Amino acid sequence: MSANITAVVDPITPKDAVRESVTRKLLRDPQALIAGSILLVIVVLGVGSPWFASHDPNAASLDAVNAPVGTPGYLLGGDQSGRDILSRLLLSIPTSLFTAVIGVSVAVIIGVTFGLIGGYSRKTVQTSTEWVFSLIQTFPGLLLLIVLVPLTGGDYRITMAIFGVLLAPGLYRIVRNQVLSVKNELYVDAARVSGVPDSRILGRHILFVVRSPIIIAAAFLAGACIGIQAGLAFLGLGSTLVPSFGAMISDAFANFYTDPLQLVWPSALLGLLTASLVLLGNSLRDALEGARPKSGSASSRGTTRQAPQNTAPSVALLDVRDLAIAYPGPDGKPREVVSYVSFTVGAGETVGLVGESGSGKTQTAFSVLGVLPREAIVTRGSIQLGGLELLDLSEKDKRAVRGRRIAYIPQEPMSNLDPSFTIGQQLVEGIRCAVPGLSRREARATMMGLLERVGITDPDRVFSSYPHQISGGMAQRVLIAGAVATRPEVLIADEPTTALDVTVQAEILDLIRELQAEMGMAVLLVTHNFGVVADICSRIVVMQSGRVVEEGDVRDVFASPTDPYTQDLLSSILDEGTVRLDPPRTPEPVEAQK
Amino acid sequence: MLLYVARRLAFGLILALLVTMITYGLLSFSFDSVARTLAGTNASAETIDGIKSQNGFDLPLPVQYFQWLGGIFQGDFGYSLYSGEEVGNAIGVRLTVTLSVVVLALLITVCVSVVLGLLAAARGGVIDRIVQVVIMTGYVFPALLIAIALVYIFAINLRWLPATGYTTITSDPGDWLRSVILPAIVLSIGGIANLTSQIRGAMTDELRKDYVRTLRTRGVPVSSILIKHALRNAAGPALTVLSLEFVAMFGGALIIERVFALPGFGVYSFAAATSGDIPVVLALTVFSVMLVITVNLVTDILNGWLNPKARLV
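Chains A and B, in that order, give the protein sequences. If you're matching positions, the first sequence starts at 26 in my numbering and goes up one per residue. If you're matching positions, the second sequence starts at 727 in my numbering and goes up one per residue.
If we strip away everything but chain A, and leave its shape as in the complex, we get (with noise of 0.2 angstroms):
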């Protein structure tokens, strides 16, 4: 119930506080903070322009052609026509600053409408709103700006405003996503059930959700107007009476070989006002979004891996000790998942790693796969197999012993099939690169054979089929073959139930057990499930907190669990009254999806 109720507060406040930080954030970023100032010294330039030139703007003198820097009264020079360039550079800023708000709102304005009338609106509205903005967006604007000149008259503001047309587009895809995905929130849910009229729903609540996508696109696209508007001004699009840096930039193109210098002048500041909007817009985007997912960082490597402490040689199949797993915290610091976790399993041995979500046991099962994500590190401990120690092995290596001795059945089929290949092609793959020197042949008739031993009854349909044409049910009988077409000697099954229907679990563990028994493999099971375990398991081990805290024979656990978290997990399956069965699937610890 409390979750609910948090639920449904408005997001309002916790934002507000969260605001505050931005600011802050931004102050601390130098990247933010140069951008900024830069920005900030060419607006007062811009606005304080019409006091600081000193001359007009298209005011020719025949003594300024082509004046050197510093001539009296030219600080800058004059140009080919005789023209004063430090007042036109001043002057150029407020028709690029014009260029940027008149894009920027016209877009902002189309966009956002849209955005929030196509997210909220009747699917028919939103078909149409996204039609017409998918046909703006494939439009080849710069063409299209040309092309209307003679309407235009080439004048930058209605070009302009048309380009923000233009931009439209995908502010309104930032917006309709956003309202999509807030749309259905409790809290707008509450606001609608109390009377709240759409259009105050929409201006208030979802409004202030979307308005920093907005804000951040906002600065991108200012860049990209005065951009677009500056190249337009080279190419003489428009009155040649309004200074800009695109006219500039043109004029001093065509002196370059008698005076380069006037060339420098206009480039540069456009350059800082185009970049410095831009990576103001890059900066905001990480204080108001945090930064973007960094796509993990190579530290595990070459970290240094202590020893575990019992360096007994290893008589089971499977042997891990003192394993430690850890991820970098939001500090950067490594903060331990998994600590100290030991456990063996004996040839042909079936045995469960029981766990609440968040206790480790994916991860130490991963850990044992050598897939964990990039980021995690093994700190300590080791992990054997028939002696050998799987951690020390180069990727090389590891990949010999995966697919060959270690098999793994994951948790949601569906999503553990490549959508983009049939089954078959996945499942041929799969068993040649395990089995090497297996000619595409051999490996159809294997798997065909594997798909119908597995309970598929229509095998070359299934072989030839994509994932999303098969039922889940089928697809993890399909994961199933894959995973034991080379006779492992570890089969790592990872809650190779939950996601399944009801009727479907108990034939997929059956499935299970008998595979296991015809081709003498040892299992681990990992599951929240303790009725699974005492299905099909001969040893548990229990895990709490990324620690391991109970472990023996199923039937003594079950009947005398010494540690009190197991003692709470069995009493509350026995306060049901029975064994229960699996509830719908929990997601997953916040640890396995970093």
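In case anyone wonders, no lab produced these hints; they're calculated from the structure. From a predicted model like this one, the values you see are computed outputs, not experimental measurements. Some clues are possibly wrong.
[Claimed, not checked] Derived Cβ-Cβ restraints for the label pairs, each shown as a range:
(1) Pro-947/B to Leu-297/A: 44 to 50 angstroms
(2) Gly-766/B to Leu-65/A: 50 to 56 angstroms
(3) Gly-766/B to Gln-56/A: 56 to 62 angstroms
(4) Cys-837/B to Val-218/A: 31 to 37 angstroms
(5) Tyr-730/B to Val-68/A: 50 to 56 angstroms
(6) Gly-462/A to Phe-737/B: 47 to 53 angstroms
(7) Lys-421/A to Ala-875/B: 42 to 48 angstroms
(8) Met-862/B to Asp-356/A: 44 to 50 angstroms
(9) Asp-931/B to Asp-214/A: 41 to 47 angstroms
(10) Asp-422/A to Arg-885/B: 51 to 57 angstroms
[Stated by the list, open to error] Calculated from the model, a selection of chain A residues having no Cβ within reach of chain B, i.e. all distances over 12 angstroms:
(11) Val-47
(12) Gly-61
(13) Leu-70
(14) Val-131
(15) Thr-149
(16) Val-150
(17) Pro-338
(18) Ile-434
(19) Glu-539
(20) Ile-561
(21) Arg-572
By construction, the Cβ of each residue, glycine as well, lies at the ideal position given by its N, Cα and C atoms.
Chain B: place on chain A using the hints.
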């Protein structure tokens, strides 16, 4: 699939009709002033009227439009009001120049973006940060400035490449490449920024997906996971970005061609539009609409081929 293509083409045709109709309507406002310009400053009212009727400007607008449209369907785009050139022909010649730059720019964009995006997503760390700086650099400076800087460095200072001008590929492939490589690089910079960040993001997402882990547990080599599986799944949205880039590059070519003095589509369009050369402007509209339709159609077909779920739509 054939039905799908046919439907998309029909839709494109309707779109083209609509757009040309609107353009025709909008342009009709300038017919008078164009006729006056053509007649010269001191022309009598009769001369102006004569020019109007000669060009059909005096007919009712729908009649004009359908006459023009009838010509288009026979491949007749009319003649330039100023140079008297056959418009279809003239555009064709310019189009090859622009297309050769744009296609080269597109190739550069794809190659660089795939490599950078893949590296950033797969390696992370320092490489990822470097790639992000590259992406930002692409956003930071307007193409115009980059063009001028490249001309200055490579053509004027180092004299490695010609600063301006165009050689056809048939007359000398080497000179052709030298004449289009700089403009193509300039055009590709914005595209590289967009496409790299798209691929980097999509690849990062893909590599976190469950199927990637399962493939790893089967002993599938990293290279195959990256290129065969993850990149393929990330390619759909990247293709859409690429198609938008293609269209944007056609626009961007306008400015670039001017810097490099290439006799392309952009320079031609600009001259026609500013002088009010109506048949040329209309033909340009037709060409660009058809271009957009073709690019979108090709994108959709490729997307269908990449994504089995979209195939049966």
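Here is what the structure says about each hint:
1. Our hint of 44 to 50 angstroms for Pro-947/B and Leu-297/A holds, since their Cβ atoms are close to 47 angstroms apart.
2. With their beta carbons about 52 angstroms apart, Gly-766/B and Leu-65/A fall inside the hinted range of 50 to 56 angstroms.
3. For Gly-766/B paired with Gln-56/A, a C-beta distance near 58 angstroms keeps the hint of 56 to 62 angstroms intact.
4. Between Cys-837/B and Val-218/A the Cβ separation comes to about 54 angstroms, which falls outside the hinted range of 31 to 37 angstroms.
5. At roughly 52 angstroms, the beta carbons of Tyr-730/B and Val-68/A sit within the given window of 50 to 56 angstroms.
6. Here the CB-CB span from Gly-462/A to Phe-737/B is close to 51 angstroms, well matched to the stated 47 to 53 angstroms.
7. Between Lys-421/A and Ala-875/B the beta carbons are some 45 angstroms apart, a value that agrees with the proposed interval 42 to 48 angstroms.
8. Our hint of 44 to 50 angstroms for Met-862/B and Asp-356/A is violated, since their Cβ atoms are close to 26 angstroms apart.
9. Separation of Asp-931/B from Asp-214/A is about 29 angstroms and departs from the stated range, judged on CB atoms against 41 to 47 angstroms.
10. Between Asp-422/A and Arg-885/B the C-beta distance comes to about 54 angstroms, which sits within the given range of 51 to 57 angstroms.
11. The claim that Val-47/A is not at the interface with chain B holds, since no C-beta of that chain comes within 12 angstroms of its own (minimum 20 angstroms).
12. Every C-beta of chain B lies more than 12 angstroms from that of Gly-61/A, the closest at about 15 angstroms, which supports listing it as non-interface.
13. With a least beta-carbon separation of about 19 angstroms from chain B, Leu-70/A lies farther than 12 angstroms from that chain, consistent with its non-interface assignment.
14. In this structure Val-131/A is separated from chain B by more than 12 angstroms, as the shortest Cβ-Cβ distance comes to about 18 angstroms.
15. Remark: the non-interface label on Thr-149/A is consistent with the geometry, its nearest Cβ contact in chain B lying 18 angstroms away (cut-off 12 angstroms).
16. Against the 12 angstroms criterion, Val-150/A stays outside the reach of chain B, whose nearest CB is about 20 angstroms from its own CB.
17. Remark: the non-interface label on Pro-338/A is consistent with the geometry, its nearest Cβ contact in chain B lying 27 angstroms away (cut-off 12 angstroms).
18. Against chain B, the non-interface label of Ile-434/A is violated: not every CB pair exceeds 12 angstroms, the least being about 9 angstroms.
19. The Cβ of Glu-539/A sits about 21 angstroms from the closest Cβ of chain B, beyond the 12 angstroms cut-off, so the non-interface label holds.
20. Under the 12 angstroms C-beta cut-off, the non-interface status given to Ile-561/A relative to chain B holds; the minimum distance is some 21 angstroms.
21. The beta carbon of Arg-572/A sits about 24 angstroms from the closest Cβ of chain B, which is more than 12 angstroms, so the claim that it is off the interface holds.
Violated hints for the displayed structure, listed by number in ascending order: 4, 8, 9, 18.
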